[in-house]
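Asks: Each chain, letter by letter, is given below.
Protein chains: 2
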Amino acid sequence: MYINISLFAFYSGSGAYMGITLQYNTNDNTVKVSEAESVTALHKGFFGYMQKGVITLTPEEALYLIDIRNARSYDENGNELKFNDLAEKFKIDKLIARYCTFKDWRDRGLIIRPIEEIKGSYGRSPVKQYPSGKFQIPKYAIQGLLFPEDLVTIIDDETAGKEIYENYWLGQFGTYKAEQRGKLSKLDVYETLLMIKHCNLTLRNATEEQMIKAAKEKRDDFLLMYDVYEDWRLRGYILKTGFKFGTHFRLYMPKASPTKKGDEWVHSKHVIQVFPRKSKLLISEWARAIRVAHSVKKTFILAIPGVKSKGKKVELDFLLYHRKKEGIENPKDDKPSLLMLSLSEEEYIGGAELADSIEEAKRIGLDLLLAIADRETSVTYYRVKRIELPGSKYEYYEIEWEQP
Amino acid sequence: MYINISLFAFYSGSGAYMGITLQYNTNDNTVKVSEAESVTALHKGFFGYMQKGVITLTPEEALYLIDIRNARSYDENGNELKFNDLAEKFKIDKLIARYCTFKDWRDRGLIIRPIEEIKGSYGRSPVKQYPSGKFQIPKYAIQGLLFPEDLVTIIDDETAGKEIYENYWLGQFGTYKAEQRGKLSKLDVYETLLMIKHCNLTLRNATEEQMIKAAKEKRDDFLLMYDVYEDWRLRGYILKTGFKFGTHFRLYMPKASPTKKGDEWVHSKHVIQVFPRKSKLLISEWARAIRVAHSVKKTFILAIPGVKSKGKKVELDFLLYHRKKEGIENPKDDKPSLLMLSLSEEEYIGGAELADSIEEAKRIGLDLLLAIADRETSVTYYRVKRIELPGSKYEYYEIEWEQP
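So the sequence lines, in the order shown, correspond to chains A and B. Here the working numbering is used: the first residue of the first sequence is -8, the next is one more, and so on. Here the working numbering is used: the first residue of the second sequence is -8, the next is one more, and so on.
Read the hints as simulated data drawn from the structure, not as lab findings. Do not rely on the hints blindly, as some may be mistaken.
The list treats identical chains as one, so a pair stands whether inside a single copy or across any two.
[Claimed, not checked] Derived lysine to aspartate or glutamate pairs resembling EDC-like cross-links, with alpha carbons at most 16 Å apart:
1. Lys384 x Glu221
2. Lys251 x Glu71
3. Lys271 x Asp211
4. Lys73 x Glu28
5. Lys235 x Glu379
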């Protein structure tokens, strides 16, 4: 027996959803709506699946109608199921993260549908092309001293140090933005290894292997960091520390030079953060790096190096319809725009998990939107765009803060 | 035999240091200057220790004079020791981090001296007083449902949820800045435990112990995070998520309310980051959190909870003299202003190490200045000021970005 009575409604926004009654069915753990007027309204609003005049709602839809649209749900015996009663029936991982991000999309007046509705590939995920230059190789045999505790190599041959700094922007000659202050050149640990491998640098106190060992002792992801660094460097880009911007590297386009002064000086416009596949990070920490980049108006590039392994099946959360020129997209007339991965502030995300999600979005042909619910259930969105760096074995991603 | 000849000089800033000759002494691993004119100049510039007309330099001073002041150093046999040759003689941990921060202070025209010169307590480390209010305890018996995967508790009793939100700013009723959107109240995991302990909240699906266990499974420092949260909350402060500001909590003064609208609304002015004693963090990651706070103009408060243990002796790096009304402070006429801890971007710092350093600075009676050399040897400074929160068993610190 289904109880099916319309009850009082408080929601004043859209009369169409006043007093919807939801029928919870214990047998198949579903929530249905069968009252004709409600069915019509929900169908028009792209809620649920209609079959033979009855609408079956997803858990998030049912909870949303209770929370926002004043719906009431009852079981077969006429007992009312409040939000928590109903939520407890669904055995869904991260139900609240999913619910909050679902709610936020709906609250924006936009359509959000179950991920199961994906049909084939949509071709709506354009790739950002980055130009590829050439690494200029200095032809010097230079010697440096490695300070393993500091992960710095110092070149005290003033002529050579100045030359590689001015012409290739390798190392820091003198002081940053005050090159005349001093006559040493200091290479960071990535520049050190690059120059050992490609520019005949020798260390007077360490072999290449010893140098790598020292670096790995300080940070065990050193070689993955280096891989990313070298990948861009060998394509002509200049990478320097991103410390001031809260990231691993800042990036200059090929042919950037530290000797340009005043108006000639070109600021870096990109930063690169390395997030190895095997690493795990709290979402809040992950998002923090993007925030700093955003606050200094740099494009945030994410690199996810590491060996691909067959992970478990990736589960994205929702299929999103966005705005269009006139009005909003909908499943009847339009292709979906984006895929949503629902996350919450306090959870960990792994590099592999994120990379696999992006890979899956690529397969589906839609951009991925990371939706992060904070502890106050406020939602922040980051759009992931794929980058193609010609000839690279890696994929990189621009991550953009977005207000849908 | 000491070689003692003045050589050509390139440095054009101050003629006083032209052509200084440094004498490296193998026996006691020291660098001395004995030529009268140089001794006078160095003594006036507060370099080294003078004894019987001879100046003994610290390693950083000797390296600085070579790098910046065109000094040349020689061993007993007349062989020149360039920067790296001399640096290799000193067995000093983190020599380059120390050197870069020393150099930066000197390059600013300020005096920096060895930490060994500390004499007693200086009383130049004022404590910031924070007012203490009272926690208003709601007298409800409220029931909620814990979502352990999401670390969220939902109260679906609309009246109770709204009441605790509006009067005590516990939980988020409806949606952040749109309270009318929905009728649920969502407590984060810190609010949940606070309400269990102090406000008669019961969870329908978990005991207090089970709830704590679920939280610790997600983040093992949960109880330390909670300690800090509760400490401020019980003194009347309102703490909410600091996600948008890249920190653990944002902080409102006692009596802040979420129901104030428009001009009445008071923004949070502080954020709190929790850095447990037993945790370790890359300096670059640690600094990133401060950067976000700075970019949104919030005062950054650091909390270092955890049990004190007898750590190894803390070693601060330098004693700093700063500016004064007319000119600069110096060891002859003034007390020192600050203590420097020299760090570099790529090293890890532990909560205990940082707390012990601050404790040591407190004992000495000077504020601590964290000087971080990035991979380009550019130095960023953060000043640590102690906070007193009356009745608290913890100490908290304001961390301020500073340009000396």
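Asks: Hints numbered earlier in the text: which of these fail when held up against the supplied structure?
Replies: 2, 4 and 5
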